[in-house]
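Novice: Chain by chain, the residues:
There are 2 protein chains.
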Amino acid sequence: MKFITTIEELQQSIKKHKKSQQSIGFVPTMGFLHEGHLKLLSVARQQNDILILSIFVNPLQFGENEDFDSYPRNMERDARLAEEAGADYIFAPSVSEMYENEPSVTVRVEKRTNVLCGKSRIGHFDGVATVLTKLFNLVQPDRAYFGMKDAQQAAVVSGLISDFHFPIELVPVETVREDDGLAKSSRNVYLNDSERMQAPHLYKALQAGKEMILKGEKSPASIIKFVSEYISEHTDGIIDYAEIYTYPELEELRVRKGRGILAIAVKFTKARLIDNITFELK
Amino acid sequence: MKFITTIEELQQSIKKHKKSQQSIGFVPTMGFLHEGHLKLLSVARQQNDILILSIFVNPLQFGENEDFDSYPRNMERDARLAEEAGADYIFAPSVSEMYENEPSVTVRVEKRTNVLCGKSRIGHFDGVATVLTKLFNLVQPDRAYFGMKDAQQAAVVSGLISDFHFPIELVPVETVREDDGLAKSSRNVYLNDSERMQAPHLYKALQAGKEMILKGEKSPASIIKFVSEYISEHTDGIIDYAEIYTYPELEELRVRKGRGILAIAVKFTKARLIDNITFELK
Chain H
1 MKFITTIEEL QQSIKKHKKS QQSIGFVPTM GFLHEGHLKL LSVARQQNDI
51 LILSIFVNPL QFGENEDFDS YPRNMERDAR LAEEAGADYI FAPSVSEMYE
101 NEPSVTVRVE KRTNVLCGKS RIGHFDGVAT VLTKLFNLVQ PDRAYFGMKD
151 AQQAAVVSGL ISDFHFPIEL VPVETVREDD GLAKSSRNVY LNDSERMQAP
201 HLYKALQAGK EMILKGEKSP ASIIKFVSEY ISEHTDGIID YAEIYTYPEL
251 EELRVRKGRG ILAIAVKFTK ARLIDNITFE LK
Chain F
1001 MKFITTIEEL QQSIKKHKKS QQSIGFVPTM GFLHEGHLKL LSVARQQNDI
1051 LILSIFVNPL QFGENEDFDS YPRNMERDAR LAEEAGADYI FAPSVSEMYE
1101 NEPSVTVRVE KRTNVLCGKS RIGHFDGVAT VLTKLFNLVQ PDRAYFGMKD
1151 AQQAAVVSGL ISDFHFPIEL VPVETVREDD GLAKSSRNVY LNDSERMQAP
1201 HLYKALQAGK EMILKGEKSP ASIIKFVSEY ISEHTDGIID YAEIYTYPEL
1251 EELRVRKGRG ILAIAVKFTK ARLIDNITFE LK
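So the sequences go chain by chain: H and F.
So for the first sequence, my numbering puts the first residue at 1; every next one is plus one.
So for the second sequence, my numbering puts the first residue at 1001; every next one is plus one.
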């Protein structure tokens, strides 16, 4: 595995692989790898000749009061895990390498942002889309891998790729869960014992909500009410949001056709957990 | 020459040429080709295996009071000229082909826009950068050609390519001029006989200004005053702007080092002409 920090070195490697017509799989991350990332790497490893992982804590996607400086970093451990996962390259540029000057162009995400987590993170997805546009052009992957845990991010990336016609296949990867159904997250360690016992009910609530939808319940309000009450009854968590949309457009679900998503965010004492479930209406 | 109107057909052709590792030259235009465009095609023809011309009047780069509907179009003539110039493809999509839905992402140009012509065309370069991002990803050219007549556009594209790391070489092409020095423009026909006689003085003023700069004149204000007076004395035109900047950053020229540009816009009775000259300070 090669550890690359400069754009020039990356471009040289990519050129070589493109010339020999090798397929490139790309897993963009902010590092501090967990099992979700490893799942992305494992799926990408199977589908491509070359596997590239990027590790870049992107200042552009952090708000003023967010935790850019304190965002956890552990490059040594990440490098070991990436090598074990079969990555051919880690691209880990510095902030000044990625943003040599103040950006003269940025990407503005016009849709899919004003709901779910995006509602309270103004500019977050503009930062995500801008850095991904840069990374996509640098890495020129055939396939890019995103976890469905952050379904809104996957939806925004899907819009970015299709609207800008990137010649890239977006591969969404299912959320990795504990045996009891709790979505894996680095934030789960902040749950106290009692909260950890309750937390699997988040996914149970989503599953029950999905079942209602598939059984014919037409009113989003009724489903949201049911899911919210289920969570309130079974956990001490406070619901931040519970919403239903079309997927990946994240628009109001008006007709019983196509794909949809039911997504929640729940605040516990020291951790805010998110989870979601998608469904197909026929 | 192949005339293509759908994204799918374009992508299939590009895939084929990429696979056989042929270099692609790209000339993006809004059609109604004139000698400036033909120069771009001629330079591109020499430097690439495959030559692609796009013709797309991009609604996103027209302001509300601008002339999108009345913008001149003549596809038959354009196709003939492109074929004569050796183009392998014309890509001429409809508006609905390029913007199937309301865009979910756009490019915002943060720099180089608030000067020269951009100052009075709010959002114009956002539209240009957005459509070029789409076209660059569709055509995947090795080289893209832009005329220096619209130096600000070339500067914005240079920022777009370098900031977003498009693996594309921007090839700026010198302004094509009449024998008397007047920059060729489809708007020159709107000059009356007397104005047409005066118009070569625009370029003479720029040349004289450049000479002042190279001879050591340090004050932008003095150079602009000289150029403006020269134009007022020799023409009936009214100066819209005369400005000096670094190039391609289009920032205030503070030090006598690097590249710069002297650019003007002058209003005649029925035509507003623009021209510019670049210089190198050592």
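Check the hints yourself; a few may be wrong.
Which stretches of chain F does chain H cover? Using the computed rule of at least three CB atoms under 8 Å from a CB of chain H, they are [unchecked claim]: (1) 1102 to 1110; (2) 1129 to 1135; (3) 1197 to 1210.
Straight line, CA to CA, 25 Å or less: simulated SDA-like cross-link-like pairs of lysine to any residue [what the hints assert, rightly or not]: (4) Lys1270(F) - Pro1200(F); (5) Lys257(H) - His234(H); (6) Lys16(H) - Gln1021(F); (7) Lys1015(F) - Lys218(H); (8) Lys1016(F) - Gln11(H); (9) Lys16(H) - Gly63(H).
These are computed hints drawn from the structure, not numbers from a lab.
Using N, Cα and C, we set each Cβ at its ideal position, and we do this for glycine too.
Novice: Now tell me, hint by hint, if it's right for this structure.
Specialist: Results of checking the hints against the structure:
Against chain H, the region 1102 to 1110 of chain F contributes 9 residues with a C-beta closer than 8 Å to a partner C-beta. That satisfies the three-residue criterion, and the hint holds. With 3 residues bearing a CB less than 8 Å from a CB of chain H, the region 1129 to 1135 of chain F meets the requirement of three and the coverage assertion stands. Evaluation of the coverage hint for the region 1197 to 1210 of chain F: breached, as 0 residues show C-beta separations to chain H shorter than 8 Å, against a requirement of three. Distance check on the hinted pair: Lys1270(F) and Pro1200(F) sit about 17 Å apart at the alpha-carbon level, within 25 Å; holds.
For a cut-off of 25 Å, the pair hint linking Lys257(H) to His234(H) is broken: about 31 Å separates their Cα positions. Only pairs whose Cα atoms come within 25 Å are accepted, and Lys16(H) paired with Gln1021(F) is accepted, the gap being roughly 13 Å. Between the alpha carbons of Lys1015(F) and Lys218(H) the distance comes to roughly 44 Å, so the proposed pair goes past 25 Å and is violated. A C-alpha spacing of about 23 Å is found between Lys1016(F) and Gln11(H), which places the hinted pair at or below 25 Å, so the restraint holds.
With a C-alpha separation of about 37 Å, the suggested pairing of Lys16(H) with Gly63(H) is violated against the 25 Å cut-off.
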